[in-house]
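Undergrad: Below, each chain spelled out in residue letters.
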Amino acid sequence: MLDPASPLQALDGDLASPPLPVELKGLTYAAGSKRVIDGIDLAIDSRRITAIMGPNGAGKSVLLRLMHGLIVPTKGEILWAGRRMDRLTTRRQAMVFQRPVLLRRSVAANVSHALGLRGVERRDRAIRVGEALKLAGLEGHASTPARVLSGGEQQRLCLARALSLEPDVLFLDEPTSSLDPASTLAIERLLLDAQRRGIKVILVTHDVGQARRLAHDVIFLHRGRAIEHQDAESFFAEPRSEGARVFLSGGFVL
Amino acid sequence: MTDLIDAFRRAVGLIVTLDPKLVEILILSLKVSLSAVAIASLLGFVIGGALAVYRFPGRGAVAAILSALMGLPPVVAGLVVYLLLSNVGPFGVLQLLYTPTAMIIAQVVLVTPIIGALTRQACQDLLEEYDEQLRSLGASSSAIVVTLLWDGRYRLITAVLAGFGRAIAEVGAVMIVGGNIDHVTRTMTTAIALETSKGNIALALALGIVLLALAFAVNAALIGVQRLATRFAYA
Chain W
1 MLDPASPLQA LDGDLASPPL PVELKGLTYA AGSKRVIDGI DLAIDSRRIT
51 AIMGPNGAGK SVLLRLMHGL IVPTKGEILW AGRRMDRLTT RRQAMVFQRP
101 VLLRRSVAAN VSHALGLRGV ERRDRAIRVG EALKLAGLEG HASTPARVLS
151 GGEQQRLCLA RALSLEPDVL FLDEPTSSLD PASTLAIERL LLDAQRRGIK
201 VILVTHDVGQ ARRLAHDVIF LHRGRAIEHQ DAESFFAEPR SEGARVFLSG
251 GFVL
Chain S
1 MTDLIDAFRR AVGLIVTLDP KLVEILILSL KVSLSAVAIA SLLGFVIGGA
51 LAVYRFPGRG AVAAILSALM GLPPVVAGLV VYLLLSNVGP FGVLQLLYTP
101 TAMIIAQVVL VTPIIGALTR QACQDLLEEY DEQLRSLGAS SSAIVVTLLW
151 DGRYRLITAV LAGFGRAIAE VGAVMIVGGN IDHVTRTMTT AIALETSKGN
201 IALALALGIV LLALAFAVNA ALIGVQRLAT RFAYA
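For the record, the sequence lines run as chains W and S.
Residues in the first sequence are numbered from 1 upward in steps of one, following this note's numbering.
Residues in the second sequence are numbered from 1 upward in steps of one, following this note's numbering.
I should point out that these hints are in silico values taken from the structure, not numbers from a laboratory.
Careful: at least some of the hints might be erroneous.
Partner residues are not named here, just some residues of chain S that face chain W (Cβ under 10 Å, in silico) [claimed, not checked]:
(1) F8
(2) F91
(3) S136
(4) G138
(5) A139
(6) S140
(7) T147
(8) D151
(9) A193
(10) L194
(11) E195
(12) V225
(13) R227
(14) A229
This structure is a prediction, so every number in the text was calculated from the model and none was measured.
Using N, Cα and C, we set each Cβ at its ideal position, and we do this for glycine too.
The whole structure should be built from the sequences, with the hints applied where relevant.
TA: Here is the structure:
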C-alpha cells in the first residue's frame, strides 16, 4: 500500500506491517458526568468491513472519533497492532464524516490539499488526484467548485479523497444517511472495492439494509457499551442481546 | 443658493480638468491609506488566523480587545501614535511626526483591529466546519491557519475593503500625526476640513465628491465579491 520511500516505513519498521488487530481496553469517554463510552473491551482483527450499529446516543460516533484519535479517552486505551495510538498510527487512517466536509476550492484542489497535508510530494499529487476523481466518477469536474456538487457527488468526493491517502483503516460515520439510493449504492460499491484492496473499513450505520449488504461483523452499542460483537450473518439471524433484537425489529430500544 | 450652485459647478470643473492640486491630494491620500491597509492586512490575517486556531491562556480576552478596538476613535489612534512619535516619546528620535509615514502608522493602528477581528470571525466560522476533517487529515495548527485564510479569502477581501473604507474616510488620526501640511501631509479629509473653514467651498466639495465616489466604489466591490463567492458556493 505504502510507497517504499515513505517516511513512515523508514521511521519505524513495525508500521509497515498491518495495523490490525485493534484492541480497545476498558475504553471510557466521559462528557461531564455522563459516560458516553462506558468501558468497552473489544478486538477487531479482520481486514473486512465492520459495522457499528446502535440507537441514537449509543456512542457510535464518539467511539469512531476515539479510534481515529480525534478525541482522547478519559480512561482505557486503544492499541493498533499492539502499538498505542499516536500521530503515526493516525496517519495510516482516514475518515469520512456524516456531512461531507469540502473546502471552498475546486474538486481537484480538495484532493490535492489533503495529499499535501499527508506529505505527498507536489509532483506525485496530480496522478493521485486523477485516480481519485476517476474513482469518484468526477473526472469531468476537476475544476468545478466542490461545494456546487450534489450531495451524493460531494460524499463520493470525500470518500475518494480519503481513499487517495491510501489508508490502512477507513472510518465512516453514517456516510449515506442523507443520500438517495443511487448515491448510497455508489458509496457502497466504493467501500466494497476498498475492502477488496485490503483496506480495513469501520462503518457506523443506522441503515440495517446497508449493514446487511456490507458488513462481515457487527458491533452493537447500547448506552456506551458494546453489548454484542459477532459475525454479521449470525447477528442478523439471531441477535444475542435483547437490545439488538428490538433494534433490528424496528422497535424502540430503551 | 446661487453661490452653492456656482461652487458645485467649479468643483465639477476641478475634477473634470484634473486640477493638479486636487490630484496631488488624492494621490497622497491613496498612497497613505493603501499602504496602511496593505500592512494592516498582513498583520490582521496573521493575528486573526492565529486567534481562531491556537489555544492559549487569555485568548478570549485578546479577541475581545481586538473586537473592541474596531471602534477605536481615529483621534485616539492619532493621539497615541502622536505621543509615541513626538520628541518626548519613545520613537521621537526617528523624527517621523508630520510625515506620510506617521500617517500610515496611525492608520495601521486604526485598521489592523478591523481586519484582524473580521479575519478571526471568518476563520472561526470555517473552523467549526473544518476542524475534525483537517485534524483527521493530520494538519498542524499552522497548516490549519493557512487553510482557513485561503478558504475564507472572499470574506478576507471584504474585511480589507472595510478597512480601506475606514482608512480613506478618517480625518482625526491623519490630522493629528500628519499636521495637514500643504504638499506633504494634506489628505482629502484634512483638506476638506481646512478648505471648508477657509471658505474655499469648491475645492472642499470637489474632494468630497471624489471621496464619495470612492466610498461607492468600495461598496460596489464588496457586493461584487459577495456575489462571486455565492456563485461558487464559497460564501
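Undergrad: The structure should be examined with respect to each hint, and the outcome stated for every one.
TA: Against the structure, the hints come out as follows:
1. F8: 46 Å, violated
2. F91: Since the shortest Cβ distance to chain W is 41 Å, the answer is violated.
3. S136: Status holds, d = 5 Å.
4. G138: At about 5 Å, which falls below the 10 Å cut-off, the nearest Cβ of chain W leaves the hint on G138 (chain S) intact, so it holds.
5. A139: 5 Å, holds
6. S140: Holds: closest Cβ of chain W sits about 8 Å from S140 (chain S), inside 10 Å.
7. T147: Holds: closest Cβ of chain W sits about 7 Å from T147 (chain S), inside 10 Å.
8. D151: OK, holds: D151 (chain S) within 10 Å of chain W, min 4 Å.
9. A193: 43 Å, violated
10. L194: Constraint on L194 (chain S) not satisfied, violated at 46 Å.
11. E195: Given a least distance of 46 Å, the restraint on E195 (chain S) is violated.
12. V225: 13 Å, violated
13. R227: With a minimum Cβ separation of about 14 Å from chain W (threshold 10 Å), the hint on R227 (chain S) is violated.
14. A229: With Cβ-Cβ at 8 Å, under 10 Å, it holds.
Checked against the numbered hints given earlier, this structure breaks hints 1, 2, 9, 10, 11, 12, 13; the rest are met.
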